[in-house]
Amino acid sequence: MPLSERVRHLREQSVNAPATLSSERALLVTEFYERDDAGTSPAVRRAEAFRYLLEQKHVFIGDGELIVGERGPAPKATPTFPEICCHSIEDLQILHSREKVSFTVSEKDCQTFRDRLIPFWKGRTLRELLFQEMTPEWQDAYDAGIFTEFMEQRAPGHTVLDGKIYEKGFLDFKQDIERNLNTLDFFGDPRAYEKQQELKAMDICADALIQYAARYATLARGMAEVEKDLTRKRELERIADVCNRVPAHAPRDFWEALQYYWFVHLGVITELNTWDSFNPGHLDQHLHPLYCQGLAEGTLTEESARELLQCFWVKFNNHPAPPKVGVTAEESGTYTDFAQINLGGVKPDGSDAVNDVTYLLLDVIEEMRLVQPSSSIQLSKRNADRFPRRAAKILETGFGQPSIFNCDVIVQELVRQGKTVEDARSGGSSGCVEVGAFGKENYNLTGYFNMPKVLEITLNNGRDPRTGKAIGIETGDPRTFETFDDLMAAYKRQLRHFIDIKVRGNNVIERLWALYLPTPFLSLLIDDCIERGTDYHDGGARYNTSYIQGVGLGSLTDTVTAIKYHVFDERTMSMQELLQALEDDFTGHEKTRLVLRDRTPKYGNDDDYADDIMRELFEAYFETVDGRKNTKGGTYHINLLPTTCHIYFGSVVQATADGRTAGEPLSEGVSPVQGADRHGPTAVCRSVGKMDHARTGGTLLNQKLTPGLLRGEQGLDKFVQLVRSYFRMDGHHIQFNVIDTATLKAAQEEPEKYRDLVVRVAGYSDYFCDLSKALQDEIIARTEHAGL
Amino acid sequence: MSTGIIFDIKRFAIHDGPGVRTTVFLKGCPLRCWTCHNPEGQRRDVDMFLRPDRCTVCGDCLSICPPNAISLNDHTVLVDRESCDICGECVETCLTGALEIAGREATVAEVIEEVERDTIYYDEGGGGVTFSGGDPLHQPRFLVDLLEECKRRDIRTAVDTSGCVPRAVVRTVAEWADLFLYDIKLMDNERHRQFTGASNRRVLQNLRWLSEQEAHVRIRLPLIPDVNADETNIRATGAFVSSLPTRYPVDILPYHSIGADKHERLGRTYRLPEAKAPSDAEVADAVGILEGFGLDVTVRGESHAFK
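Residue numbers (the numbering used here), protein chains in the order written: chain A, 4 to 791; chain B, 51 to 357.
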């Protein structure tokens with residue numbers, strides 16, 4: 004279905020708008036803190052700051068827009084959050100001039116930073132406080148690239164909305180707040196005062212968003228009055244009506260529902276720069292009743308619903324992730340802000356959730372072909388094959404969306420973590436592949452963890468060979484190890500050492516956020532923050548999970564496998580010979596490198612020799628992390644995904660025993676090492692299926708397929724059979740890059756001709772030409788699984 | 051249980067029958083088709099298989115070759131196939147994979163172990179194992195043992211055959227195989243002889259016999275311009291297939307030159323270097339003619355209309 008003129012225009016405008024840095028928010032928040040420097044609790048001050056932002060920020064309605072509201076003063080004008088991280092002039096220069104994921108910074112904004120923002124915020128940002136509070140061991144490990152820290156310049160977010168806003172308006176939330184304020188027990192509850200402050204803060208935030216919508220209503224009304232075009236005039240009047248209605252009240256129709264969500268979204272991403280920007284979750288389930296009602300009443304048609312959804316889609320694309328610098332930019336080098344809309348799956352009662360809106364949304368995804376929002380299908384055994392087949396037809400066009408998740412195993416994962424089965428079913432995946440109980444959980448990713456680096460340090464008896472610095476514990480000279488078990492024991496000790504450092508750091512960082520930057524607006528939206536009178540950052544959510552995301556399982560497995568095979572089992576080389584070759588980065592040891600690379604069992608080939616080692620390494624990581632306590636009354640779990648961190652982590656790891664030379668990327672997610680899988684996708688899925696996905700909170704498997712593989716009805720059938728089989732093995736997620744290498748190489752040569760080429764990177768899709776050369780090369784290197 | 055010579059096992063084979071399949075390639079074939087895309091499957095014995103582009107001229111293979119059959123020129127390795135006894139010593143040494151051997155001995159148990167790995171995929175869509183080649187019926191004892199073992203394990207089977215084998219072999223295999231993928235290349239016997247090195251009499255008679263037994267068969271017609279894509283041959287094929295007592299679908303496999311360089315790797319000359327893939331129009335013409343005989347026709351397994 005061709006796009007309407009309106010949508011075509013809005014889409015083009017969004018795609019072509021350059022990402023710019025806007026100092027609007029930074030200035031407003033600075034103004035606020037300059038004037039209001041003390042006197043109230045942190046929660047209330049944050050709420051007042053939020054109100055000030057929404058009162059003062061520029062509001063505008065673009066030509067032809069039906070869904071209104073932007074975080075910045077224009078599409079892709081991206082704010083910064085100086086209370087968290089105030090960019091230096093050098094940061095701004097890097098943001099402005101770097102080749103990938105750049106943000107245009109005007110001279111005027113630079114001036115503002117130099118004269119006003121930097122002097123005010125110096126010594127007051129959470130980022131500075133955070134680094135100051137970390138131990139020297141933590142700092143050493145961080146500098147060496149053992150782990151990254153998610154909360155050093157972005158706020159904990161990692162949550163998704165459930166269906167509550169389609170039933171309740173913000174006035175209803177205010178009533179809930181009031182009821183809880185009235186029942187505070189100042190005699191029996193020592194935290195009654197803190198709860199009172201938090202609830203007051205939430206109440207201020209609720210009013211602030213209602214007032215913000217009212218500003219849009221006023222603007223739309225004013226524009227309608229002077230609008231000459233009668234059709235547009237009516238649209239503007241309608242927009243005014245919608246903004247007067249939501250978010251104060253529950254939505255009465257499809258349009259109001261979308262606008263309501265969008266205001267909520269803007270609230271969340273204006274309050275703080277949360278990771279995984281927030282998203283509506285099971286949008287098809289949420290919208291379906293209003294869609295049916297609109298059709299029945301004759302107030303909505305499939306076409307008008309489609310156009311509203313397309314306008315809604317553009318809104319996400321107008322909002323790049325806030326500018327990232329340093330290691331955070333390395334680990335997540337993308338404009339994508341990880342709003343992953345979930346389609347299909349099951350309803351809270353366990354029944355099939357695929358409906359007409361699901362298919363409508365799949366059309367919208369295909370027609371809009373935008374990098375944001377991200378989308379996924381939640382495939383349950385209850386869903387008919389029509390559903391994944393429809394998704395496959397989109398993948399076949401070379402578009403990297405939607406990704407495919409195993410709804411049934413996600414429910415298992417969440418139930419294992421202690422959720423009720425209904426809460427688990429109303430959850431899904433978000434960000435890249437992370438699971439959560441939507442609307443009820445703070446599932447906080449705390450940082451990537453470089454597993455191959457830990458092995459490297461083990462092989463060097465506690466020293467980082469890149470810098471010579473002793474940052475680990477001494478676990479023995481590996482040349483003295485008599486058995487493979489000695490090596491594994493040393494690795495496990497080293498692993499625990501670094502996970503301890505990470506967890507200790509996290510336990511401080513979580514408290515910094517709770518104490519200094521509470522998030523009362525987000526807290527309004529997530530059960531049971533209102534009932535508990537407790538902030539989202541402070542354990543207010545019903546479920547509180549912390550994750551440490553393991554990176555490089557494939558590289559780690561192949562490296563350990565090579566050592567076991569050649570040094571301990573076949574004895575084709577000694578540990579000394581191997582370590583020497585690694586130290587020399589294989590220079591003068593090319594034959595050793597070829598033996599390690601090509602004459603060694605590899606993970607991803609359904610070879611139990613390597614796959615058993617993968618399982619042991621998976622278990623080691625699981626046992627070291629899973630079940631530890633965080634500061635919010637919740638526990639740690641693991642997931643295995645990298646975003647773009649496998650490139651950064653690879654850059655700090657010297658040559659590895661799988662034949663990889665120093666600095667090359669690591670494997671990503673739970674995928675095999677790039678090019679190591681030689682027996683096709685069924686063997687890959689079998690290998691990966693040997694891990695117990697149900698005990699993770701998400702794993703990422705990337706498969707590159709040539710378009711020919713999905714061609715025709717048979718191709719679609721076999722694609723579905725492949726996915727269904729992987730899911731019968733409890734695989735968590737699989738995503739497909741359906742593209743040929745020739746196209747990718749051509750895009751590297753002439754990026755301007757391929758600006759719209761979207762590929763799956765690692766848990767999200769991105770414009771190929773926006774990726775770094777290293778990441779582009781890595782995608783090209785992934786084995787192509789052509790059919791026979 | 052018997053052993054046989056196989057030269058490859060490919061998983062996720064999706065063009066060799068229903069569902070997701072594993073294809074086991076058995077060595078040996080009664081035919082010598084000019085455009086054979088698996089020429090390493092023709093001889094029953096193992097073959098030396100060269101990948102000159104991979105050779106880095108390191109010279110490690112020179113001293114290790116017992117009959118001294120290896121030499122180097124400026125940029126790649128050369129093997130004197132007369133004196134080479136295919137012992138495999140050099141293959142062990144060659145880390146870049148420039149020297150390979152096509153074919154290895156395998157037991158039924160080894161093959162079944164590999165085949166069974168993908169049963170979870172077969173189950174989703176009626177998939178299973180395809181025995182191909184070469185012509186798997188060229189190793190009848192081994193093939194029948196494999197088919198029996200699959201039957202015992204509820205693995206569905208297909209055999210991909212030229213049909214150019216004794217009736218007794220076809221009869222035994224038909225007792226065990228669930229499906230035949232049966233090639234017809236040329237209807238004119240003289241041209242068949244010229245192009246494949248054998249008469250087509252057995253091919254056609256065995257197919258008629260299978261159809262009399264109501265065996266499950268899919269006919270495969272490799273469509274090769276200037277060889278068998280002419281109207282006369284397609285008409286003759288249509289007439290023959292439509293005359294069979296059981297109605298069989300015909301799958302057209304448009305020629306591609308992917309196997310050409312494999313002939314060179316075996317030290318042979320590709321006899322049809324000029325051959326091109328048929329145009330869409332040529333394929334459509336062939337489909338039209340065959341459909342004119344009331345046959346169900348697919349192209350690479352897809353209904354033609356789908357294009």
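Hint data in this document are derived by calculation from the structure and do not stem from the laboratory.
Small disclaimer: the values here were computed from a predicted structure and weren't measured.
C-beta atoms are modelled at their ideal positions from N, C-alpha and C, and glycine is treated no differently.
Heads up, some of the hints might be wrong.
As the list claims (entries may be wrong) - Beta-carbon label-pair distances, calculated as ranges: (1) A:Thr483 to B:Glu163: 30 to 40 Å; (2) B:Glu163 to A:Asp695: 35 to 45 Å; (3) A:Ala784 to B:Arg350: 44 to 54 Å; (4) B:Pro295 to A:Glu306: 53 to 63 Å; (5) A:Arg392 to B:Asp135: 51 to 61 Å; (6) A:Gly67 to B:Gly342: 47 to 57 Å.
Said to hold, decoys possible - Which chain B residues stay away from chain A? Per the calculated CB distances, all over 10 Å, these: (7) Gly69; (8) Val70; (9) Leu128; (10) Leu145; (11) Asp168; (12) Asp173; (13) Glu174; (14) Lys201; (15) Leu254; (16) Asp280; (17) Tyr298; (18) Arg318; (19) Glu332; (20) Asp335; (21) Glu341; (22) Glu352.
What the hints assert, rightly or not - According to the in silico footprint, chain B covers these stretches of chain A (three or more CB under 8 Å from chain B): (23) 485-499; (24) 597-603; (25) 682-692.
Comparing the hints with the structure gives:
no.	hint	in the structure
1	A:Thr483 to B:Glu163: 30 to 40 Å	holds, 38 Å
2	B:Glu163 to A:Asp695: 35 to 45 Å	violated, 24 Å
3	A:Ala784 to B:Arg350: 44 to 54 Å	violated, 29 Å
4	B:Pro295 to A:Glu306: 53 to 63 Å	holds, 54 Å
5	A:Arg392 to B:Asp135: 51 to 61 Å	holds, 53 Å
6	A:Gly67 to B:Gly342: 47 to 57 Å	holds, 55 Å
7	Gly69	violated, 6 Å
8	Val70	violated, 5 Å
9	Leu128	holds, 22 Å
10	Leu145	violated, 4 Å
11	Asp168	violated, 5 Å
12	Asp173	violated, 8 Å
13	Glu174	violated, 4 Å
14	Lys201	holds, 22 Å
15	Leu254	holds, 28 Å
16	Asp280	holds, 27 Å
17	Tyr298	holds, 18 Å
18	Arg318	holds, 22 Å
19	Glu332	holds, 19 Å
20	Asp335	holds, 20 Å
21	Glu341	holds, 18 Å
22	Glu352	violated, 4 Å
23	485-499	violated (count 0)
24	597-603	holds (count 4)
25	682-692	holds (count 6)
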